[in-house]
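With the hints as your guide, set chain B onto chain A.
2 protein chains.
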Amino acid sequence: MKIIVDAFGGDHAPLEILKGAADAKKEYGVDIIFTGDSEKIRACASENNIDITGCEILDASQVMQMEDEPNLILKVKRDSSMGVGLDALAAGKGDAFVSAGSTAALVVGGTFIVKRIKGIKRCAIASVMPSDKGPFMLIDCGANVECKPAFLAQFAQMGSIYMGKVLGIGRPRVGLANIGVEETKGTPFVRESYALLQEERSINFIGNAEVRDIANGVADVIVADGFTGNVILKMYEGVAGMLVGNIKKMFKKNIFSMLGYLLVKGGMNEFKGKMDYKQYGGAPLLGLTAPVIKAHGSSDARAFKNAIRQAKDCCENQVVATIAAGLHTDDAAEDCM
Amino acid sequence: MKIIVDAFGGDHAPLEILKGAADAKKEYGVDIIFTGDSEKIRACASENNIDITGCEILDASQVMQMEDEPNLILKVKRDSSMGVGLDALAAGKGDAFVSAGSTAALVVGGTFIVKRIKGIKRCAIASVMPSDKGPFMLIDCGANVECKPAFLAQFAQMGSIYMGKVLGIGRPRVGLANIGVEETKGTPFVRESYALLQEERSINFIGNAEVRDIANGVADVIVADGFTGNVILKMYEGVAGMLVGNIKKMFKKNIFSMLGYLLVKGGMNEFKGKMDYKQYGGAPLLGLTAPVIKAHGSSDARAFKNAIRQAKDCCENQVVATIAAGLHTDDAAEDCM
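Chains A and B supply the protein sequences, listed in that same order. Here the numbering used here is used: position 145 in the first sequence is 145, and no number is missing along the way. Here the numbering used here is used: position 169 in the second sequence is 506, and no number is missing along the way.
The shape of chain A in the complex, shown without the other chains (with noise of 0.2 Å):
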């Protein structure tokens, strides 16, 4: 299996990308195909003695930056190691695309370059999260601001396949993200979408999941749109961030504070890793001819490491050809981008 790797894509490229990739190589036996520029590729390893024989290096000539217009990618920054990358992909030459680049070009790449699957109205950025009862999917977490009742339905289908066919979660609980459980609650929008989901005969919908219960694990689908959806994937990073900076800030504060934590390490490491989103790799974007995994941008070399297996996990598992197969695609036609 080849999985091609954005060398140039997050905060810490090309360093921690290369290591990922590396123990990836080596860990899940997979192939590697590197886009971005040969040289700097090659330097980087050398210098940090990475060992990335048998890679194969797609040169690329230029990067996509954070701040760059997301539409860049399909003309003027086509040679960037996203857009070889995507290129790639869509030509067959690997099985999978990871980057940790910017996630706006991403979906506009993956859309334009990659293509959507037949009969999908769009694709959509499904982050695999922690919850206190395990991991659950959040799709759509911000590829489509706007969005029809119609598409959250397949964002609902596809959810389901990614949890079933990755995660081994049998007929995995799908759930509306809703401001209450009633199903007059919320927006006309959100109201049209429960309707359609309720008819949904391939998707167990459990109802309205309440935006309170979504940390505690309520469903192991929550569906929403792209603006909702990350607001939520936000509002959870940010409020998480925001307390556990606050008690390590108590732990340090002085040698019985420290002594207090040494006291309750073990329990520290087992909660840590439970809210530990690395573990997941990274958020696929759902409803493509082919994998593409959004690494987070902030990846070290393990959670790139996670999101390659997240990749071959989604090659192995036929994510992409169970999505085709499954969706209705009377109405193809419609709605397209």
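Among the hints, erroneous ones may be present.
[Said to hold, decoys possible] Over 10 Å on every C-beta distance to chain A, these chain B residues come out as not near it, computed from the model:
| hint | residue |
| --- | --- |
| 1 | Lys363 |
| 2 | Glu364 |
| 3 | Asp374 |
| 4 | Val413 |
| 5 | Arg415 |
| 6 | Gly429 |
| 7 | Ser539 |
| 8 | Glu547 |
| 9 | Phe564 |
| 10 | Asn654 |
[To be verified] To list a few chain B residues with every Cβ distance to chain A over 10 Å, as calculated:
| hint | residue |
| --- | --- |
| 11 | Asn385 |
| 12 | Glu393 |
| 13 | Arg453 |
| 14 | Lys455 |
| 15 | Lys485 |
| 16 | Leu504 |
| 17 | Gly505 |
| 18 | Ile506 |
| 19 | Phe593 |
| 20 | Met612 |
| 21 | Gln616 |
| 22 | Ala638 |
| 23 | Cys652 |
| 24 | Thr659 |
[As the list claims (entries may be wrong)] For lysine-lysine, the following DSS-like pairs were computed, each having C-alpha atoms within a straight-line distance of at most 27 Å:
| hint | chain 1 | residue 1 | chain 2 | residue 2 |
| --- | --- | --- | --- | --- |
| 25 | A | Lys93 | A | Lys133 |
| 26 | A | Lys253 | B | Lys586 |
| 27 | A | Lys185 | B | Lys452 |
| 28 | B | Lys602 | A | Lys252 |
| 29 | A | Lys253 | A | Lys265 |
| 30 | A | Lys253 | B | Lys589 |
| 31 | B | Lys339 | B | Lys363 |
| 32 | A | Lys253 | B | Lys609 |
| 33 | B | Lys586 | A | Lys248 |
| 34 | B | Lys615 | A | Lys253 |
| 35 | A | Lys252 | B | Lys585 |
| 36 | A | Lys185 | B | Lys412 |
| 37 | A | Lys272 | B | Lys611 |
Read the hints as simulated data drawn from the structure, not as lab findings. All residues carry an ideal CB built from backbone N, CA and C; glycine is no exception.
The following block gives chain B in isolation, referenced to the frame of chain A:
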């Protein structure tokens, strides 16, 4: 000053309500008018040695239940503790009304019994919440799931007035809840709201408040439509609750972890104090002709006492009059509910 108190709202009514009100009377020197079944109020007070001497009671034969259709407050359940309280406030029998009962019913009752200030398009639920850098106001927290940009401009003005007058914050920084800081981010609704807020001279608009930074205290007033605001509020509560629950579990694990807790107790209490939402009281309904405070449904005596202090602060600082004086009323006629 006379504060009207719904003695039968919330999970711990009437006991905690009576206790909190009696404490507020003593501590803040306010007069209390209870609404609800007078026999039950007197019996509960005497059984629990709560001194309600000098408190007036307005009899009410009914109670608005959480599952009641909010509109019932207007006719079928007008003789409820909440309905009688709102009628008493509208008739000028008291200066403010505090209830821990159904938020939706309070919004409907507030709007149609107490009524909106002339020129106000919608009243809003405005929660004062803790952040890493002190309290901030989130407005609207759910009164209006669908909004027009003009509503948000008024929410921003009302929130600024409250934070300035009641919490003494000079030129409160107003941020629009959004999924990025750039003004091109978000839905068309959010972008239109941005443009309108930018034109609003009476507020200190600092642009988009990236949702990830809200818990860090990025602004003093966070403006959002009621759906998004409610998602923010509930993600905050849900994530904080889940994390704190896990931290507690960690400390209770064994004898060493319990000892560890003792060593960090000081820092823990400091942190708890910072994050204690009960200190801020409840959520004012802004935009009505008299102060109405929604206390948290789970309010204990202390939280309810603080909600009464908040009502007193609203009166003393003339929040209603300031809102009425400060608003642009040229478009008062349009968009009435």
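Each hint, compared with the structure:
{"no.": "1", "hint": "Lys363", "verdict": "holds, 34 Å"}
{"no.": "2", "hint": "Glu364", "verdict": "holds, 30 Å"}
{"no.": "3", "hint": "Asp374", "verdict": "holds, 28 Å"}
{"no.": "4", "hint": "Val413", "verdict": "holds, 19 Å"}
{"no.": "5", "hint": "Arg415", "verdict": "holds, 23 Å"}
{"no.": "6", "hint": "Gly429", "verdict": "holds, 34 Å"}
{"no.": "7", "hint": "Ser539", "verdict": "holds, 27 Å"}
{"no.": "8", "hint": "Glu547", "verdict": "violated, 7 Å"}
{"no.": "9", "hint": "Phe564", "verdict": "violated, 5 Å"}
{"no.": "10", "hint": "Asn654", "verdict": "holds, 29 Å"}
{"no.": "11", "hint": "Asn385", "verdict": "holds, 31 Å"}
{"no.": "12", "hint": "Glu393", "verdict": "holds, 35 Å"}
{"no.": "13", "hint": "Arg453", "verdict": "holds, 22 Å"}
{"no.": "14", "hint": "Lys455", "verdict": "holds, 28 Å"}
{"no.": "15", "hint": "Lys485", "verdict": "holds, 13 Å"}
{"no.": "16", "hint": "Leu504", "verdict": "holds, 20 Å"}
{"no.": "17", "hint": "Gly505", "verdict": "holds, 24 Å"}
{"no.": "18", "hint": "Ile506", "verdict": "holds, 20 Å"}
{"no.": "19", "hint": "Phe593", "verdict": "violated, 5 Å"}
{"no.": "20", "hint": "Met612", "verdict": "violated, 8 Å"}
{"no.": "21", "hint": "Gln616", "verdict": "holds, 16 Å"}
{"no.": "22", "hint": "Ala638", "verdict": "holds, 24 Å"}
{"no.": "23", "hint": "Cys652", "verdict": "holds, 31 Å"}
{"no.": "24", "hint": "Thr659", "verdict": "holds, 30 Å"}
{"no.": "25", "hint": "A:Lys93 - A:Lys133", "verdict": "violated, 39 Å"}
{"no.": "26", "hint": "A:Lys253 - B:Lys586", "verdict": "holds, 22 Å"}
{"no.": "27", "hint": "A:Lys185 - B:Lys452", "verdict": "holds, 24 Å"}
{"no.": "28", "hint": "B:Lys602 - A:Lys252", "verdict": "holds, 13 Å"}
{"no.": "29", "hint": "A:Lys253 - A:Lys265", "verdict": "holds, 16 Å"}
{"no.": "30", "hint": "A:Lys253 - B:Lys589", "verdict": "holds, 21 Å"}
{"no.": "31", "hint": "B:Lys339 - B:Lys363", "verdict": "holds, 13 Å"}
{"no.": "32", "hint": "A:Lys253 - B:Lys609", "verdict": "holds, 15 Å"}
{"no.": "33", "hint": "B:Lys586 - A:Lys248", "verdict": "holds, 17 Å"}
{"no.": "34", "hint": "B:Lys615 - A:Lys253", "verdict": "holds, 26 Å"}
{"no.": "35", "hint": "A:Lys252 - B:Lys585", "verdict": "holds, 18 Å"}
{"no.": "36", "hint": "A:Lys185 - B:Lys412", "verdict": "holds, 23 Å"}
{"no.": "37", "hint": "A:Lys272 - B:Lys611", "verdict": "holds, 23 Å"}
Violated hints for the displayed structure, listed by number in ascending order: 8, 9, 19, 20, 25.
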